[in-house]
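A.B. asks: Sequence:
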Amino acid sequence: MKTIAIIGSGSWGVALATHLANAGNKVKLWSFSKEEANLINNEKKCKFLPQIILPNNIECYTDYKSTIEGSELVLHVTPSKFTRDTIRQYKEYIDEQPIIMCSKGFEKETLFTLDEVIKDELPNKKYGVLSGPSHAEEVSRQIPTAMVVASEYEDVKQMVQDIFMNEKMRIYTSCDVKGVELGGALKNIIAFCAGISSELGLGDNSFAALITRGLNEINRLGTKMNGNKDTFYGLTGLGDLIVTCLSEHSRNRKAGKLIGAGKSIEEVRKEVGMTIESIDNIEVAYELSKKYNIEMPIVNAVYDVLYNNLNPNEAVTILMTRDKKAE
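One rule links them: number in the working numbering = place in the sequence shown (from 1) + 446.
To be clear, the hints were calculated from the coordinates, so they are not data collected in a lab. Some clues are possibly wrong.
Pair ranges (Cβ atoms, derived) [as the list claims (entries may be wrong)]:
1. Lys-736 - Ala-772: 18 to 26 Å
2. Tyr-753 - Asp-541: 39 to 47 Å
3. Tyr-753 - Gly-470: 45 to 53 Å
4. Glu-489 - Ala-772: 53 to 61 Å
5. Cys-621 - Asp-566: 14 to 22 Å
6. Lys-448 - Asn-759: 50 to 58 Å
7. Gln-604 - Gly-516: 17 to 25 Å
8. Asn-484 - Glu-613: 28 to 36 Å
9. Lys-448 - Asp-769: 53 to 61 Å
10. Tyr-679 - Ala-772: 18 to 26 Å
Just so it is clear, the structure is predicted and the values come from calculations on it, not from any experiment. The beta carbon of each residue, even a glycine, is placed where N, CA and C say it ideally should be.
With these hints in hand, go ahead and build the complete structure from the sequences.
C.D. replies: Right, dumping it as structure tokens:
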């Protein structure tokens, strides 16, 4: 049995806590909300995952010291935009525990991937990234799931694999931290576009084209940023892209559907009620495409839909009437 700290009590943090607790570990969750902590501790419930009852070996705290001290592993599971500020608040309590980034996204101000934020704030600490096709709703219900842990530290990969793996979860290892990070962050944008496509009633042909060409854009930017091409065709690239584009669990897909229905960004945020990484990260992907001089027509089109008042149907026309080219 291990003692594991999880920073973040949203749906994904609680899903991971449930999996680890069911595997016999002691789990200490951190929440910014006293109300959420009381719900978890007293009623063994999570408002984001109402269908499950939490195991008794999960305790929730609202201070970092109590959460982290005595732990052997720290999982960071907050929205990407809060990553740096949150790490700054708890880093004084980190001793020898590896930090595992379980969030997917970018830091808007610096265009950093989240592993770069860890390295920036905790330069002498071991870290890794956990990602893959894994909806919180299904992991919390113990539906079989396969994921990838990426790290430059062999002992970190082995530790995560040993702690997480059982008949309900299979963990693969990778050295390609950058590729795993980028696959997880960029697929949310394509899933957002899949939601728009669904709302516009474009059909299976359009959907297949979107996923295929979207993966091409992810691969193009990802390899330019030193990700391994093969990573983008694995669980943390294609696998995560498929599940996020297809599933009704996907808040990114849901957000796209709402934009396709004519809702504003503010209305979408209110209706979804949870962090929408795609909306937060579309601007970053757009800026990265310019920085690395990468052609990303899907990203450009959805950027114009969100920020330049381009009608989604017009965006489809623009994409379909681009200059002729070979695949």
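A.B. asks: All hints, please: hold or fail.
C.D. replies: Hints and how they fare:
1. For Lys-736 and Ala-772, the hinted distance range of 18 to 26 Å is satisfied, since their beta carbons lie about 24 Å from each other.
2. A C-beta distance of roughly 43 Å is found between Tyr-753 and Asp-541, which places it inside the suggested range of 39 to 47 Å.
3. Between Tyr-753 and Gly-470 the C-beta distance comes to about 48 Å, which sits within the given range of 45 to 53 Å.
4. Under the hint 53 to 61 Å, the C-beta atoms of Glu-489 and Ala-772, about 59 Å apart, fit the expected range.
5. Checked against the hint of 14 to 22 Å, the C-beta distance between Cys-621 and Asp-566 comes to roughly 21 Å, which is consistent with it.
6. Range check, Lys-448 to Asn-759: about 52 Å between beta-carbon atoms, so the 50 to 58 Å window is met.
7. Checked against the hint of 17 to 25 Å, the pair Gln-604 and Gly-516 passes, with Cβ atoms roughly 22 Å apart.
8. Between Asn-484 and Glu-613 the CB atoms are about 33 Å apart, so this pair conforms to the stated range of 28 to 36 Å.
9. Hint check: Lys-448 to Asp-769, Cβ distance near 55 Å, so the stated range 53 to 61 Å holds.
10. Checked against the given bound of 18 to 26 Å, the beta carbons of Tyr-679 and Ala-772, roughly 20 Å apart, stay inside it.
Violated hints are absent here; each numbered hint is respected by the structure.
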